[in-house]
Structures are given as C-alpha cells and as structure tokens.
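So the protein lines, in turn, are chains L and Z.
Going by full-length UniProt numbering, 49 is the number at position 49 of the first sequence; the sequence numbering is gapless.
Going by full-length UniProt numbering, 35 is the number at position 35 of the second sequence; the sequence numbering is gapless.
Just so you know, the hints here were simulated from the structure itself, not pulled from any lab data.
Keep in mind it's a predicted model, so treat the numbers as computed, not measured.
Heads up, a few of these hints could be off.
[Stated by the list, open to error] Ranges of calculated distance between the beta carbons of each label pair, as one might list FRET restraints:
| # | chain 1 | residue 1 | chain 2 | residue 2 | range |
| --- | --- | --- | --- | --- | --- |
| 1 | Z | 84 | L | 307 | 53 to 63 Å |
| 2 | L | 378 | Z | 84 | 28 to 38 Å |
| 3 | L | 480 | Z | 388 | 51 to 61 Å |
| 4 | Z | 2 | L | 479 | 33 to 43 Å |
| 5 | L | 480 | Z | 179 | 39 to 49 Å |
| 6 | Z | 91 | L | 479 | 55 to 65 Å |
[Unchecked claim] Simulated pairs of lysine to aspartate or glutamate, EDC-like, Cα-Cα distance not exceeding 20 Å:
| # | chain 1 | residue 1 | chain 2 | residue 2 |
| --- | --- | --- | --- | --- |
| 7 | Z | 358 | Z | 368 |
| 8 | Z | 61 | L | 353 |
| 9 | Z | 25 | L | 338 |
| 10 | Z | 152 | L | 353 |
The C-beta atom is built at its ideal place from N, Cα and C for all residues, glycine as well.
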Amino acid sequence: MKKLFRLFTKKENSEQTEHQPTPIDTDLPQNLTYIKNSLGESTDIVIRKFKIGEKRTVKIAVVYTDGLVNESTVHESLLETLMSDVRQTQLSKQALNKGMYYTVRDHVLTAGELDELETLDDVLLHVLSGDTVLFLEGETKALCVSTRGWQDRGVEEPSTQAVVRGPKDGFTETLRTNTALLRRKIKDPNLWITTQAIGTKTKTDVAVVYMNGIANEKIVKEVHKRLNQINIDSLLDSGYVEELIQDETYTPFPTVYNSERPDSIAAGLLEGRVAIIVDGSPFVLLVPALFMQFFQSPEDYYQRSDFATLVRLIRFIAFFLALLTPSAYIALTTYHQEMIPTSLLINLSSQREGVPFPALVEALIMEVTFEILREAGVRLPKAVGSAISIVGALVLGQAAVEAGLVSSAMIIVVSLTAISSFVSPSFNFAISIRMLRFLFMILAATFGLFGILLGLIVLALHLASLRSFGVPYLSPLAPYITSDQKDTILRFPRWGLLTRQRLINQKNIDRENMHKPKPTSRSPKKGDSS
Amino acid sequence: MKRRLLLLSFTLLFLLTSLTGCWSKRELDEIAIATGLGLDKTENGYKFTVQIINPAEVAAKTISTRTAVTTYTSEGRSLFEALRGLTDKAPRKVYLSHIRKVVFGEELARDGISETLDFLTRDHEFRTDFHIAVAKGMEAHDLLTILTPMEKIPANKMYFSMQTSSEYWAPSLIIKIQQLISTILEDGKEPVISGVYNVGDIKRGSNLSNVEDVGAPTDVRVDSLGVFKGDQLIGWMDQLQSTSYNYIMGNVKNTAEYFECKDKEGSITLEVMEASSNKTVTIKDGEPHFNVEVSVEGNIADVECQIDLMKLDTIKQLEKHFSEQLSILFNDTVSDVQEDFKSDVFGFGDLIHRTKPKYWRTIKDGWEEQFPEVEVTVEATVKINRTGTISNPYEFKKEE
Numbered sequence: 001m002k003k004l005f006r007l008f009t010k011k012e013n014s015e016q017t018e019h020q021p022t023p024i025d026t027d028l029p030q031n032l033t034y035i036k037n038s039l040g041e042s043t044d045i046v047i048r049k050f051k052i053g054e055k056r057t058v059k060i061a062v063v064y065t066d067g068l069v070n071e072s073t074v075h076e077s078l079l080e081t082l083m084s085d086v087r088q089t090q091l092s093k094q095a096l097n098k099g100m101y102y103t104v105r106d107h108v109l110t111a112g113e114l115d116e117l118e119t120l121d122d123v124l125l126h127v128l129s130g131d132t133v134l135f136l137e138g139e140t141k142a143l144c145v146s147t148r149g150w151q152d153r154g155v156e157e158p159s160t161q162a163v164v165r166g167p168k169d170g171f172t173e174t175l176r177t178n179t180a181l182l183r184r185k186i187k188d189p190n191l192w193i194t195t196q197a198i199g200t201k202t203k204t205d206v207a208v209v210y211m212n213g214i215a216n217e218k219i220v221k222e223v224h225k226r227l228n229q230i231n232i233d234s235l236l237d238s239g240y241v242e243e244l245i246q247d248e249t250y251t252p253f254p255t256v257y258n259s260e261r262p263d264s265i266a267a268g269l270l271e272g273r274v275a276i277i278v279d280g281s282p283f284v285l286l287v288p289a290l291f292m293q294f295f296q297s298p299e300d301y302y303q304r305s306d307f308a309t310l311v312r313l314i315r316f317i318a319f320f321l322a323l324l325t326p327s328a329y330i331a332l333t334t335y336h337q338e339m340i341p342t343s344l345l346i347n348l349s350s351q352r353e354g355v356p357f358p359a360l361v362e363a364l365i366m367e368v369t370f371e372i373l374r375e376a377g378v379r380l381p382k383a384v385g386s387a388i389s390i391v392g393a394l395v396l397g398q399a400a401v402e403a404g405l406v407s408s409a410m411i412i413v414v415s416l417t418a419i420s421s422f423v424s425p426s427f428n429f430a431i432s433i434r435m436l437r438f439l440f441m442i443l444a445a446t447f448g449l450f451g452i453l454l455g456l457i458v459l460a461l462h463l464a465s466l467r468s469f470g471v472p473y474l475s476p477l478a479p480y481i482t483s484d485q486k487d488t489i490l491r492f493p494r495w496g497l498l499t500r501q502r503l504i505n506q507k508n509i510d511r512e513n514m515h516k517p518k519p520t521s522r523s524p525k526k527g528d529s530s
Numbered sequence: 001m002k003r004r005l006l007l008l009s010f011t012l013l014f015l016l017t018s019l020t021g022c023w024s025k026r027e028l029d030e031i032a033i034a035t036g037l038g039l040d041k042t043e044n045g046y047k048f049t050v051q052i053i054n055p056a057e058v059a060a061k062t063i064s065t066r067t068a069v070t071t072y073t074s075e076g077r078s079l080f081e082a083l084r085g086l087t088d089k090a091p092r093k094v095y096l097s098h099i100r101k102v103v104f105g106e107e108l109a110r111d112g113i114s115e116t117l118d119f120l121t122r123d124h125e126f127r128t129d130f131h132i133a134v135a136k137g138m139e140a141h142d143l144l145t146i147l148t149p150m151e152k153i154p155a156n157k158m159y160f161s162m163q164t165s166s167e168y169w170a171p172s173l174i175i176k177i178q179q180l181i182s183t184i185l186e187d188g189k190e191p192v193i194s195g196v197y198n199v200g201d202i203k204r205g206s207n208l209s210n211v212e213d214v215g216a217p218t219d220v221r222v223d224s225l226g227v228f229k230g231d232q233l234i235g236w237m238d239q240l241q242s243t244s245y246n247y248i249m250g251n252v253k254n255t256a257e258y259f260e261c262k263d264k265e266g267s268i269t270l271e272v273m274e275a276s277s278n279k280t281v282t283i284k285d286g287e288p289h290f291n292v293e294v295s296v297e298g299n300i301a302d303v304e305c306q307i308d309l310m311k312l313d314t315i316k317q318l319e320k321h322f323s324e325q326l327s328i329l330f331n332d333t334v335s336d337v338q339e340d341f342k343s344d345v346f347g348f349g350d351l352i353h354r355t356k357p358k359y360w361r362t363i364k365d366g367w368e369e370q371f372p373e374v375e376v377t378v379e380a381t382v383k384i385n386r387t388g389t390i391s392n393p394y395e396f397k398k399e400e
C-alpha cells in the first residue's frame, strides 16, 4: 500500500520540472509569437496590434482571452482611450518626455487595477485569468489591466442546506462574488482575505478568510502551511482542497465543514473559524470542523431557542436511528428475542414466516436497493426522476413484501433509516453514517447486541482520536467544556451565548455583551413618584 | 507501521466475522415461542406441556380454521430432559423467554414443587416475570389446551385476567417465581398460589368451536388461592377466605365489598379504594398474641335499601356496621386457616422473627405445632369517603 502511494507521489514530482521564466523581449512580434506558440494559436486568444502616438510611431499590441474579459471594459477603457482619446488629450511635456510606456501607464489607462509584468509566463497567466495585457514596442515590461468579467451563475438560493427562515443567498462559482458575499455580511476591517493560486495547471485561486483577532492564529498558520504544501496539477472543486488538507484520511467522518451558505460561513468566521474559498466551487470550506457542528443548522440560530433545541434533539435521535435501526433489528430478532415485547414478537415472527433469507441478508437487500435508488435519483435527469420514485416506492414497498422476499417490518426499518439519514443538515456527514450502518449490520449479525456495543465503543474511540486542525473532534463533549454546552446539544437563548467556543478561539472569547431586555415602562403603580 | 497494523486489524476483523459463523443465532422463523408452560407429575418423572404460539394465526387478519396456539407434551425424568424431548415433536426449537404463565398440575403441587423451581430459575432462557398458578383439581396439560375467547393466546388470557383482577378484585393474587421461592425458604411463612380451573367441558374447550360460540362454554377462571405448607399444596381457600387473606396481607388495591343492610332488607356495596393492614405482635406470659389492624377506605357504590345517606349519622352507623362485618369475616378466616390448614400463610412467624428475633429463636422449632393455637385478633376499620353521584337512594314504590 505504501509503495503504491510512493509511486503516485513520485510521478507527480517528476512531472513538475523547474523552468526558467522567459523575460519579455523588446521585440514586439517576438513576444506575440511566443504567446501564440505557447497557446497553440488557440482561437479564443485575441491579439490586436495597432500604432499610437502623435505620428503613429509606437507599435502596441493588446492581448486578451475572448469570453473571459468584459468586452465593454476592453473597448471603452482600453482600445478607445488608446486609439482615439490619446490623440485628443493635451499632455504636458513632462509626461511625454518620460516615454510612451509611462505615458500610457500613468495618464492614459483609466482602469482601476493595473499591474506591470516582466515575464511572459506572468503574461500568459494573466491573459488566461481574464486580464488584458498591453505590449509596447521596445519595452521589457507589459501592462496588465484587470478586465475580468465572464458569464457566471449569479447568486441563487443554495440547493443544499435549505432553511425555512434565514437568508436565501448562496455562494457561486466565482471567488470574487463569494468574498463579496462575506464582506456584505461582515463589514469589519478585521475580516482578512488572502489569496494564493494552487494547481500547476489550473492555477486556481484559493482564498483564506478569517477574522483577525478572533481566529486562533495557530489555526490560521496551520491552514496556510497545509495549503502551501499542496502540490497538485488541478483544483477543480473545494473537495480537492478538503481531501488534501484534512487531518485524517482514513476516517468516514468529515473533519472539514463545507457550506453553500454565506450566513453559515460568516457565523463560522465570527466564531473564530477559518474559511477557505476555492475559485470555481460554490462550496466554501470551514475549519476546524467538529462532530457537533454537523448536527447544527444555520436555522437553529434564526428560530427561537427552545424550538432549535428540540430540533437538535431530533437530529440526534435521527443520527442514532440512521446508524443503528437495521442493526438493532437484526440483533434483536436473531439473538435477543427475549427483549422484544411478546405481542410485537408474535407480529414480527408472523411476518417472517416464509421469508427465505436470514434477517441480515434481508436487511442488506433492502438497504442496498435503497442506496441504488438514491444514487439513481441523484444522477437521473429530472424528467425520469418521477418514474424512478414510483418504481422505487413499489419495489421497496409493496411488491417486495407481497413477493415474500422481505418482511414488512423490514420495510419500516429501512424507510425509517433512510429518512433519518437525511435529517443531518450536512450531506457529507450523512454519507459517513450510511457507510457505518453496513458495518454495524454485519457486527449485529455476528455478535448481536454485543457486537453493536463493541462497534459503538470502537466508534467512540475513533471519534475521540480525531482532530480537526488541532482541535479535538468531539469537543466540547470530550474534552468536556461546561461553558460551551450552551451551544452544543442545547441552544441557549441569545442572552446565554455571550462567549465564543473555547477550543477554537482561545483569546477573544467574549462576544458583544447583550443583556436581556426588560420591559422599560409599565403603567405607574400606586405610590410611584413621578 | 501504523498502516500495516490497521490492515492487519481489518483482516482479522473480516476473518473473525466471516469465519466464526453466528453462534446461537436464531431467526424468528426458527423458534417456537412458548407462552404457557404446564408441569405435571407422571410415574417416573414429569410431563412437560408447552403452549406454542402459531404467529401467523395470532397476527392473522382473516379468520382461519387453525388454532392460534398448539400444545406439545413430552415426558422425561427431569424437566430439562422433557424439554429437549419436545424437539422430536415440535418442528422448531422451543423458546421459553416469553413464557407468561407456569401452571403446576394439582397432583404435582400436592407432591411438592420445590424440585421444579430449580429448573425454572436456572435455565437462562426464562425471564422471571411469569405468573405461577396451580391447576385446581386437574392436570396442567388439560388446562393449557383450552382455547379462550377475546385473547387468542390462552396463557395470555390467564396472565391478563390475573393482572386485572388482582388490581380490582380482592380474591386474586399474582405470584411470581422469586417471591414464591423466598416464601418457601423463609421461616415462619408459607406460600399461597392462585388456582386456575376450567368451567365446562375440557374436550369442547380444546376445539376451535369453543371460541366460535358467543358464550364460550368452556372457559378458564383464576379466582381462589391454594394454601401450601412448605412446597406442598394442602388445600384451597374459598373466595371469602381468599378475600380476607388478601386484606390481612395488605394485598388489596381496589375491590367491591358486599354488605347486608342492618335491620333492613337489601344491601349496600362498597367500592374499596384503599386498604392497608398493620400486623403487630405482643408477648403475654410467654405466648405470642397477634393483633391485625385492617383499615379500609372506600366509596358507596351501590345502595339497595332505604337509608338516609344525607345524614352524617347514617354514614357513621354504616362505617361501624361494615367494620364489624369485616372483622367477623377476617377472624373467621384466620381461625379456619389455623384449624383446617395449620399453615402459617399469614407469615405470623416471620413477624415474630423480624420484630422479636430473640424470642423467635426460642419458639422457632415448635412454631409449626404452635401456630394453630396462637391467639389472633383482627380488627377492621372502614371509612366511607364519598357516596357517589347521587345522594339518597330513589324511593320507588313497590307493588306488594
């Protein structure tokens, strides 16, 4: 196994060859040829050559990628100003004396973001990122104007983690939009965003966002460290980053939280967590992620606290139901019949009369069938979806029982499990429950309740051994932190949530000091003065 | 290293689960759920009768011509031998955890039941929450073959009617195995076990036609208590005696008490809501004297004679009258038990043991002979709390 890993890592290393950056030549056509050759004369690269200056002596070339730039910006603030406006403007002699390059840089270009590039590799990167690059004859520097603007999806309601009450905006595939969504929520100078490009081929922008002064510096440093260690050719989704920076690979549990919801991420930032936004993915990562976090929905904080607490309890019940219902059914019906109430036992055994398979096989058939249906439901085009649900309902429901393949109690068990596994607000957490369920079913079939208990002990040990960016995964339950219980299983009213979580945020503990409002004035009682 | 360890443990886990098989695994359709157990005596051992549920029939939504339960009987020199002997008759292995009722045949009970108790508690499949009863004047086997209406499972019917009647009807009593064993083992206390018997023809009762009849000609009754001495049944108390026994032991929770009206024709019935008893012992001249105070609280439930219930005086008089009547009944019962059974079912010896242990040591050995002679006074106090939703009885004019 280890050798296999090494094989892969070696390959990756050999792919990356050290290469000297090519400087920009004074000869304009040579630069353009280089660009053309590098890009294989790709058709979406636009190279526009023309001459400017009073006597039209200075050769100039504009390079940009069609589709990645905002056409109107390029036309208005670049081509138009260069080609016509320059000639009409009276520039001071001083400005002209410095040379055309400086004139263009300091007086002509009206774009907001301007950069100077010295190597052709940089030029390529910027051109491919949607910037427009200007070459001037005889200069070893190129001017890069930010003209990024492409078709994107726009802010829509997130398709996952839906809430009844709360903001409905969701992240998009554009990094800038996503950071803007966060800025819109937190207008604090301490919201710091640093960006770096990762991926030797994709050069994907990855932004690390955190609240300076609230986030634990160690965690921020750790995030940067792990991101810097990433050496990969492509980064197409935040899932790549998640896998590359998570603490433990061999665990079914996610140690990185992801969300499509800006409010959820903003809340995480304010708790002192660190967000990682990957360009091209609407799923923003949040670390450290704790076990309890996956039971919490952003809506918990928008609804009244008593209701939120109740809903959280339901999620816990659902968690155990999703994990243990089939295995408990198997264990009870094959090993511990004495634990089933007599009348229920009679009903169960009457249903099992004539079922050809042992309870485990019966359960596996139904669970696997359900998983297949679920997977099919995700992949199928929407038009076929309803057909599948009908087939699924009939196959899972009546037909299987009538055909004598499974007992009807098993249908209830499977459907209860299936519904329960979707209660978790986080989809990737539900996946881990679903995987573990099969393990527990096998344990139950071999050792009965004893096996389930053993499995739970091992599971608890495993969870206790996990860490997410140095924070124990089970905190604040283990290690037990009394003051953090206010927002773990229970959700205290706002007046009770005055401090941030201890382990994630060690220094800036206090949130704003809120006091429970009291009715200010009542009708004056008898004897009250004034 | 770590990875290798992980791999190793996964391999071991896989082998462990796949190679070991599933020891003691039983699917639901491989077990025969027993609800009732009957133990009878034969010449050289025991007759073991189990009432097995036929799950498909019990849970059936349509009426079928099969019975909901089946009984299997086997004989053996010991109970466990007899149990295993069942496997050549029953198609599945008998599963004993859901036993609701264990019935001893009267003959076995008269011979002594202590040998059977070992098996009933030693076997790991038994839960200890089943009720114990003695088949009055019959074999336990016959009793278990009677089909009952309402409850499809006869053992359940016995279980539940005993459960409800012990709550609402004074003569019945629930006995469970732990309690029985400790009573047999204790000094100065003898057990009672409730009796079960059939009314009607047993042959008819085991046929499905029995439950097709509205009246169910053959049925099972659970009143009357069997008096034991040690582990042997020595006689039966009648309904009144059973009632008094339960009052004196403080077992009564709720019941109906019938009284003749004083000086008038008719009756008054009291709904007893609360009853308690307090037993004390005093030693006079080296002889124990027992005093039992039974206090009964209740509401008037049924008046069938002309009295003025609106007067406080009447209520007082009634209370006095009821107290006297009950006292007479209780005293009679105690003396009957002393004379007829000579068995200390009231646990008077145990009372001395607990309150005057030194004195108990001196009389312990002769207690069995001494018990019929000891002086016992039972005093009942009745308190009437409410008179129901109407005040005075209706004054209907009767044609004479």
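Against the structure, the hints:
| no. | hint | verdict |
| --- | --- | --- |
| 1 | 84(Z) / 307(L): 53 to 63 Å | 58 Å, holds |
| 2 | 378(L) / 84(Z): 28 to 38 Å | 55 Å, violated |
| 3 | 480(L) / 388(Z): 51 to 61 Å | 59 Å, holds |
| 4 | 2(Z) / 479(L): 33 to 43 Å | 24 Å, violated |
| 5 | 480(L) / 179(Z): 39 to 49 Å | 44 Å, holds |
| 6 | 91(Z) / 479(L): 55 to 65 Å | 57 Å, holds |
| 7 | 358(Z) / 368(Z) | 18 Å, holds |
| 8 | 61(Z) / 353(L) | 15 Å, holds |
| 9 | 25(Z) / 338(L) | 13 Å, holds |
| 10 | 152(Z) / 353(L) | 19 Å, holds |
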